[in-house]
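Visitor: With the hints in hand, could you dock these two chains into one complex?
So the chains spell out like this:
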Amino acid sequence: MVPMPRKVIKGSPPFGYRDLIHLIELMRGDEKHDVSAYSTLDVLWVLYDSVLNVEPSTVDDPMRDRLFISKGHGPMALYAVLAAKGFIATEDLPLYGAFRSPLGWHPDRLRIPGVEISSGSLGHGLAIAIGSLYALALRCPSPPRSYCLMGDGELDEGSVHEAIALASRLRMGILTAIVIDNHSASHGWPGGIASRFDVEGWHTTTVSGRDHDQLRAALRNAGIDAKGAPHAVICEVV
Amino acid sequence: MSESGGIQDLTMREAFYVAVEDWMARDETAVVVLADISAAAFARVNLRFPGRVLNVGIREQAAIGVAAGLSLEGYRPLVHTYAPFLIERPFEMVKDDLFHQGLTATLVSIGASYDEPAYGRTHQCPEDIALLDSLGTSEIFIPGHPEEVGPLLFRAVSGSSVSYVRLSTAQNSLAHRCYGPKMVTIKQGKRAVVVAVGPMLDSVLRAGRGLDVTILYTTTIRPFDAIALRSAAEFSTDVVIVEPYLAGSSIPVVEHALRDVPHRILGLGVHDRDLHRYGTREEHDRAQGLDVEGIAASIRAFLGM
Chain A
1 MVPMPRKVIK GSPPFGYRDL IHLIELMRGD EKHDVSAYST LDVLWVLYDS VLNVEPSTVD
61 DPMRDRLFIS KGHGPMALYA VLAAKGFIAT EDLPLYGAFR SPLGWHPDRL RIPGVEISSG
121 SLGHGLAIAI GSLYALALRC PSPPRSYCLM GDGELDEGSV HEAIALASRL RMGILTAIVI
181 DNHSASHGWP GGIASRFDVE GWHTTTVSGR DHDQLRAALR NAGIDAKGAP HAVICEVV
Chain B
1 MSESGGIQDL TMREAFYVAV EDWMARDETA VVVLADISAA AFARVNLRFP GRVLNVGIRE
61 QAAIGVAAGL SLEGYRPLVH TYAPFLIERP FEMVKDDLFH QGLTATLVSI GASYDEPAYG
121 RTHQCPEDIA LLDSLGTSEI FIPGHPEEVG PLLFRAVSGS SVSYVRLSTA QNSLAHRCYG
181 PKMVTIKQGK RAVVVAVGPM LDSVLRAGRG LDVTILYTTT IRPFDAIALR SAAEFSTDVV
241 IVEPYLAGSS IPVVEHALRD VPHRILGLGV HDRDLHRYGT REEHDRAQGL DVEGIAASIR
301 AFLGM
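Those sequence lines, one after another, are chains A and B. Positions 1 to 238 (my numbering) are the ones given, in order, by the first sequence. Positions 1 to 305 (my numbering) are the ones given, in order, by the second sequence.
Calculated directly from the structure, the hints in this document are not laboratory data. Among these hints, one or two may not hold up.
Said to hold, decoys possible - Taking CB as the label site, the calculated pair distances span:
#1 B:GLU92 <-> A:ASP61: 27 to 37 Å
#2 B:GLU92 <-> A:GLY188: 54 to 64 Å
#3 B:SER231 <-> A:ASP61: 44 to 54 Å
#4 A:GLU91 <-> B:VAL261: 46 to 56 Å
#5 B:GLY159 <-> A:PHE99: 26 to 36 Å
As the list claims (entries may be wrong) - No more than 25 Å apart at the CA atoms, straight line, and that leaves these computed lysine to any residue pairs for SDA-like:
#6 B:LYS95 <-> A:THR205
#7 A:LYS227 <-> A:ARG64
#8 B:LYS95 <-> A:LYS227
#9 B:LYS95 <-> A:ASP156
#10 B:LYS182 <-> B:LEU131
#11 B:LYS187 <-> B:PRO262
#12 B:LYS95 <-> A:ALA98
#13 A:LYS227 <-> B:LEU47
All residues carry an ideal CB built from backbone N, CA and C; glycine is no exception.
Excised from the complex, chain B in its bound form (with noise of 0.2 Å):
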């Protein structure tokens, strides 16, 4: 994507729709189910491919079934909407029309957990990863850079179950190209290894300058890459995981994979919830102490510094 030029100066929503129309072409069972959001930015794909994106108006239990319904016929539906929309209120859709019925499907968020905090807690959703682990998502991506979205989607729209892709207006300023399941390798230490999830990156940068550690950077946090975090963790296994959504969310996964080896793992996230405060994400970011500062102070203490 990033040689057909002009991508780097796009967000993540901008380089989705472009990587849709690209898939679009490209598979002729690609089907976009709307809730009227994006509708307006789909237009121009679905004047190219009628019929092939279908707005059900503000309809998010009828748009997971009707993504169902199209599955059971040999489409790939994608669903996008706001993340509360897509995930928590047609949650039991997500669980019996798509999980229970064994079909496949991609959806697709934008929001993230405070990216507009203006609009207060209903258009906040840092429990998105942990729902759908709890329904055994296996392909959860979360783009850090808009370079890294089309990559991401094409292998989500390729997978055989139900895939998440996690869009944000955060992002780092540099695409890692980290398009699959391998963590990247950013820099080596030996006091701690740090995982940086997608658009923590930057953040997880700063906080570590002068600190002794590893930092490893992901964009696809379900699978998990066990083998690098093992492979990783050869001088300390003190793992920081520093995730954009609800703290803790891959405790499990990464104590999983050192199951084996006496470990100690901090997760940092989204832990507060709902703070009823609007403003901007950077404040969000700080209150959640996952701004640069926060983010040092909680790993230092960790490594007892």
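This is chain A alone, in the form it adopts within the complex (with noise of 0.2 Å):
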């Protein structure tokens, strides 16, 4: 059956930080969750409204920065987002999950303006980041900056590790890993996530992920390692 809307929106894009959490309850088809609950909300918000230089007309762009959503789970704090943005229709949030609708429970990026890799399984973006930018620097000089979201939990997945110590062997230091930790790996990761970014070589900065100032400063300033090092930012949401 499809969630039917309890709320109207009124007006169209773009909506501010505060009408996300109607959004997401034009998914969820109840009132009963603060915005507490998603994780990656305000990072995302923070990327989109005032971090990336991408917005509806210029998802074909290839010189649009990229985000690459390796952390596919949990995508109503995404297609908010987007639809605060004006990259999705706000019409199609009540059909999430729906066979007919393009809104999935993980995104699927042949289905949804702007976004860039279709995402579910673990330990996939890095390296597509990686060979987007590779690609990216091949044709330009001064490429795009790419931002691949993870989570703590991602980071047991093995192929999140050959992605790693490869992006820092190819000196990308436009590339930004952006960790969410909700400290939701089941065995943990002694020394904190930072610490195996670092073991590679990449620049570490720890912000609070619901905190919107250091996000804001901490993704405009990474991805700007001319020596190469790439940005890691680890987003603490506990």
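Guide: Written as structure tokens, this is what we have:
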């Protein structure tokens, strides 16, 4: 059964941060949750609101900034932000997860404008981001920036560690990995997530994943190392 | 390629290096992704085309992911390594990063089913075609001679989805210039149709001596040339397909080609995946019934002779 919207969003995009919870309610069909239930919501908002050089009219622009969402779980936050910024229609939100909906429980790049990769299975995005950035660097001397959104549990996947090492060896100074750390990895990461990047020569910054000013500053200052060290921004969301 | 001279003296792997360099000269979007295997052989190509040979080290999952990223940006990636590390180890990356994203890439393997059996089971990959079939791979090339490698590689890198080229040290004594999906008729007969895939042709020809059978040769197993098979099956719908990988891999496409007529199919190939034996490729052919005597015995038994 398709959940019906209980709330009607008035007006048209762009919507503000405070509207995100209402956009999520359109997907959920209830009003029980607050934004703290969505670990990626703040970082996605900051990315689309004040970091990424991309908008609905430039989703196919070769020089747009790239955001590779490797952590495809819990995409309501993504869809809410995309709807708020006008990438997708708010009318699509109530169909979340339905057969004819473009909005699944994991995003599909072939169905949603502005989504760079289809994801769901963990541990795929960072290597794809590396390949994309490698291609962009072949083509232009000052390529756009690339961000890859991951989760701390995702570091359990060995493929992530292949990519962490590779990005550093390939001197991808304009690559930024954003790791949402809600301490979901079953066996934990002794020494912290940042140490796994640090040992491979990445810059690391740890911020509150809820603090927009911290996020904005960290994300804007990342991915600009001329010497080629990529940057990991660890977003604590406990 | 054959006119340029020298190819006939190369191995398939060497012919592949030549063809890749040729391709890279013609297509500025061509990028080769390696995982250490063949890295030394590509050193010169890398000098000629800076940045367009990317060795990611022994990181096969990353190799497929990186290829996907290259393809997203309009480049044509070719990923090359030993078959089990190209298809089996990063299988989910092939599925999710290439197929599911709707991207274009060419995968080129060496090692085949048991080109170097002394390395043991970990370096054997008779399952590759069945695995790629399970993902719906629409272009699979099995060259039978080094001369066929270049033209088939160009076909593979011209496709619009994921294509696979399977190189082997096993080869036929002659190139039959089968450069595309059309099967070549090697001989005609009336008792059965025998399809020889890639390097199996020499053994099939010897096994077929004295038998009144049609022998077809193909180097392009997907898409399968159903039209040629139907046409060859005019006198007999008893069909034998001899493949250098997992036995029966192509039975579904043969079955589909003959779905509206009564028919019998025998699929020969590697049937015992894990012999726990070392030795030579020839010894493994014998053990799998893929030597001349084994193939002849299987065909004769199938025909009730």
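Visitor: Evaluate each hint against the coordinates.
Guide: Checked hints:
no., hint, in the structure
1, B:GLU92 <-> A:ASP61: 27 to 37 Å, "holds (31 Å)"
2, B:GLU92 <-> A:GLY188: 54 to 64 Å, "violated (25 Å)"
3, B:SER231 <-> A:ASP61: 44 to 54 Å, "holds (51 Å)"
4, A:GLU91 <-> B:VAL261: 46 to 56 Å, "holds (52 Å)"
5, B:GLY159 <-> A:PHE99: 26 to 36 Å, "holds (31 Å)"
6, B:LYS95 <-> A:THR205, "violated (34 Å)"
7, A:LYS227 <-> A:ARG64, "holds (23 Å)"
8, B:LYS95 <-> A:LYS227, "violated (35 Å)"
9, B:LYS95 <-> A:ASP156, "holds (20 Å)"
10, B:LYS182 <-> B:LEU131, "holds (23 Å)"
11, B:LYS187 <-> B:PRO262, "holds (23 Å)"
12, B:LYS95 <-> A:ALA98, "holds (23 Å)"
13, A:LYS227 <-> B:LEU47, "holds (23 Å)"
In summary, the numbered hints that this structure violates are 2, 6, 8.
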